Amino acid sequence: MSPPVLIRRGRVIDPRNGVDGVRDVLVRDGVVAEVSEAPLQVPDAQVVEAAGRWVLPGFIDLHVHLREPGEEGKETILSGSMAAVAGGFTSVVAMPNTKPANDSVLVTEYVLARAREARLCHVYPAGSITKGLKGEELSEMGALVSAGCVCITDDGRPVMNAGIMRRALQYSTLFELPVMVHEEDLTLSGKGVMNEGRTSTRLGLVGIPPSAEVSMVARDLVLLEETGGHLHVAHVSCEGSVRLIREARRRGLKVTAEVTPHHFVLDDEAVGGYDTHARMNPPLRSRRDVEAVREAMVDGTLDAIATDHAPHGVLEKQVEFERAWNGVVGLETALGLTLGLVREGVLSVQRAVTLLTDGPARTFGLPGGHLAPGAPADITVVEPEVEWTVDSARFFSRSRNTPFHGRRLTGRVAQTWVGGRLVFENGQIKESR
Amino acid sequence: MRHLLGIEGLRRADIEALLDRAEAHLRGGPDASHVLRGKVVANLFFEDSTRTRTSFEMAAHALGAEVLNWTMAGSSVSKGETLLDTVRNIEATGPVALVIRHRAAGAPHLVARNVGCAVINAGDGTHEHPSQGLLDAFTLRRRWGNLDGRTVVIVGDILHSRVARSNLHCLTALGAKVVLCGPPTLLPPGLESLGAEVSTRLDEVLPRADAVMCLRLQLERQGENFFPSVREFARLYGLNAARAERLKPEALVMHPGPINRGVELAPAVADGSRSVILEQVAHGVAVRRAILEEVCR
Numbered sequence: 044m045s046p047p048v049l050i051r052r053g054r055v056i057d058p059r060n061g062v063d064g065v066r067d068v069l070v071r072d073g074v075v076a077e078v079s080e081a082p083l084q085v086p087d088a089q090v091v092e093a094a095g096r097w098v099l100p101g102f103i104d105l106h107v108h109l110r111e112p113g114e115e116g117k118e119t120i121l122s123g124s125m126a127a128v129a130g131g132f133t134s135v136v137a138m139p140n141t142k143p144a145n146d147s148v149l150v151t152e153y154v155l156a157r158a159r160e161a162r163l164c165h166v167y168p169a170g171s172i173t174k175g176l177k178g179e180e181l182s183e184m185g186a187l188v189s190a191g192c193v194c195i196t197d198d199g200r201p202v203m204n205a206g207i208m209r210r211a212l213q214y215s216t217l218f219e220l221p222v223m224v225h226e227e228d229l230t231l232s233g234k235g236v237m238n239e240g241r242t243s244t245r246l247g248l249v250g251i252p253p254s255a256e257v258s259m260v261a262r263d264l265v266l267l268e269e270t271g272g273h274l275h276v277a278h279v280s281c282e283g284s285v286r287l288i289r290e291a292r293r294r295g296l297k298v299t300a301e302v303t304p305h306h307f308v309l310d311d312e313a314v315g316g317y318d319t320h321a322r323m324n325p326p327l328r329s330r331r332d333v334e335a336v337r338e339a340m341v342d343g344t345l346d347a348i349a350t351d352h353a354p355h356g357v358l359e360k361q362v363e364f365e366r367a368w369n370g371v372v373g374l375e376t377a378l379g380l381t382l383g384l385v386r387e388g389v390l391s392v393q394r395a396v397t398l399l400t401d402g403p404a405r406t407f408g409l410p411g412g413h414l415a416p417g418a419p420a421d422i423t424v425v426e427p428e429v430e431w432t433v434d435s436a437r438f439f440s441r442s443r444n445t446p447f448h449g450r451r452l453t454g455r456v457a458q459t460w461v462g463g464r465l466v467f468e469n470g471q472i473k474e475s476r
Numbered sequence: 279m280r281h282l283l284g285i286e287g288l289r290r291a292d293i294e295a296l297l298d299r300a301e302a303h304l305r306g307g308p309d310a311s312h313v314l315r316g317k318v319v320a321n322l323f324f325e326d327s328t329r330t331r332t333s334f335e336m337a338a339h340a341l342g343a344e345v346l347n348w349t350m351a352g353s354s355v356s357k358g359e360t361l362l363d364t365v366r367n368i369e370a371t372g373p374v375a376l377v378i379r380h381r382a383a384g385a386p387h388l389v390a391r392n393v394g395c396a397v398i399n400a401g402d403g404t405h406e407h408p409s410q411g412l413l414d415a416f417t418l419r420r421r422w423g424n425l426d427g428r429t430v431v432i433v434g435d436i437l438h439s440r441v442a443r444s445n446l447h448c449l450t451a452l453g454a455k456v457v458l459c460g461p462p463t464l465l466p467p468g469l470e471s472l473g474a475e476v477s478t479r480l481d482e483v484l485p486r487a488d489a490v491m492c493l494r495l496q497l498e499r500q501g502e503n504f505f506p507s508v509r510e511f512a513r514l515y516g517l518n519a520a521r522a523e524r525l526k527p528e529a530l531v532m533h534p535g536p537i538n539r540g541v542e543l544a545p546a547v548a549d550g551s552r553s554v555i556l557e558q559v560a561h562g563v564a565v566r567r568a569i570l571e572e573v574c575r
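Those sequence lines, one after another, are chains A and B. The letter at position 247 of the first sequence is residue 290 when you use this note's numbering, and the numbering goes up by one with no holes. The letter at position 237 of the second sequence is residue 515 when you use this note's numbering, and the numbering goes up by one with no holes.
Derived by calculation from the structure, the hints in this document are not laboratory data. This structure is a prediction, so every number in the text was calculated from the model and none was measured. Among these hints, one or two may not hold up.
With a straight-line Cα cutoff of 30 Å, these simulated DSBU-like cross-link-like pairs (lysine-lysine) come out [unchecked claim]:
| no. | chain 1 | residue 1 | chain 2 | residue 2 |
| --- | --- | --- | --- | --- |
| 1 | B | K526 | A | K234 |
| 2 | A | K234 | A | K177 |
| 3 | A | K360 | B | K357 |
| 4 | A | K297 | A | K177 |
| 5 | B | K526 | B | K455 |
| 6 | B | K526 | A | K142 |
| 7 | A | K142 | A | K177 |
Let the hints inform the model, and build the full structure from the sequences given.
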């Protein structure tokens, strides 16, 4: 048994338990043993000095693409886990659009086995709503749940057939399983490659109107009202979606939603001179949409920050804009971008931490997300004032596709603890074993 | 300037310097046949074009350059080569400039970021066609002396027109007012913020025009429901003889070619006294000489 760990005198911010102040945190046997305002004396403990640092529940990302099985050149469960803990994430939910897609116990078990081998962070598989993500036949939801899937989603694609979506929501109530949706009406997005607006007009690129997302959010909320169940809207990008979700929550529908750092930081002008690193789906929207999602982060309409970490290689990105693939990596920049909103005065520190920890934990009913005694010792220690420059060449991710390369960020992960084990410290992955 | 990727962002003085040089060429100014002697200009046309390609070719020859004409047909692109690999291979043969026509908006920008020689955009998707914008402005300037206070109506499929975008930037930079006119489905958002006035009713704006530019309607758009039929488009937005009578007596008619006669432009108007369409073509070579000289300096 490893010795207890005493993280001393850090500012513990634990929104679920109403803690924000200097505390000592004692970790024993992989769980939080005590959180004390008075200094603790534990003779046999390994002591970690955290004065001037923040001691936070480990971050939870509801939306990452780890690409394994099938596209290991872009990312593996190991490299993705490294990127996660380097970014302060102790739990990630792995999207099912792998090759083959995760629509089976076999793929779910494979993902879990690879995650155990990586032994860095918790990896929770997401199963697909429909077989092969084709939108035609329901996957075996019961089997996926018993194998360990924490939600179902066809992410990357919408379920265009409303009848199938309705059945999926109905059936999901049997397992109280969140149904995560990528909201996009393909007849409206068409051949679009970026947000429809002044910038798409200027660049001569085909635009995707916000209605492509908003109309599907509206459809699914109408379905949800009939079926019950839990709808989780992935990567909300625009004002119209925010408004509908806010109103539905007010009426008591069980709808949750997430936002990505790129959607709350960048608007569509980031596409600028055809920068394929600013190509993602949903696309970066207008400044007005950015303001709307920020407001929704503040007022609780949005529950979680999720990165939609989507690794791609040079082959997919160093091409004509209209041929480039959608997606950006996000695990290693999420904290700094989120704290940027705190510095701008948009979010309180507590709300920012909630969106990275308690919010996502509650959304999918995952362990962690807080630091009460008995909680898993998933802890992220942050140096809030350290400035650094994003250098994609130094990512632990196998991919470099970020629009934030070269950006100055404030706030860095000093240590990441998973189950009481130090897995990342000062820029280095600690040996897994 | 190192490259010519678009008109957007060019200053009035940059544009006027190019037009002044084109004017000198057109008047048979100082012999320029040595300017690019021994140099190679590579024409890379990933999309068919006769008029623009031959115009660049003649301009390069007039400056003494050799021209490498690369075309899609039978090229390595059909074997799956990427755009960057194709241009890097051509660059390795040592051209001073690459003249690129490509169906993807931004393709010349991607190339320019990855090669050492000059890149000239000869039309990229629905983005820009800067040499066309310049030669159109040049044609109007020769007729009018300058463009200040003039109104130019550009009518047709604005959404898909690189000519419209380059002309908008070029003509407004030179002091003209540009009115973009077409059906609501073919007017993309944000045009006003780019400096245009926008209208859906051609008959209302024609009387104000000092020049009307009819855009080529890509007939294959008919299947995409941007408008119900070519016939209806022609009825609402075609410049026919009756509509041309609403124009000021001295107003000019332009078209970047090739024309769908009887669709966006009636034959009688295309060939009538207002038409400067062939002047546009004739001015292309002088303007492109000026462009080549500028980026190869």
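Here is how each hint holds up against the structure:
Our distance criterion of 30 Å between C-alpha atoms is broken by K526(B) and K234(A), whose separation comes to about 41 Å. For the given pair, K234(A) sits about 19 Å from K177(A) by alpha-carbon distance, which is consistent with the 30 Å threshold. At most 30 Å may separate the alpha-carbon atoms for a hinted pair to count; K360(A) and K357(B) meet this at roughly 20 Å. With a CA separation close to 26 Å, the supplied pair K297(A) and K177(A) stays within the 30 Å bound.
For the hint linking K526(B) to K455(B), the alpha-carbon distance of about 16 Å falls within 30 Å, and the restraint holds. Only pairs whose Cα atoms come within 30 Å are accepted, and K526(B) paired with K142(A) is rejected, the gap being roughly 65 Å. Taken as a hint, the K142(A) and K177(A) pair is honoured in the structure, with Cα atoms around 13 Å apart against an allowance of 30 Å.
Figure legend: structure checked against the earlier numbered hints; hints not met, in rising order: 1 and 6.
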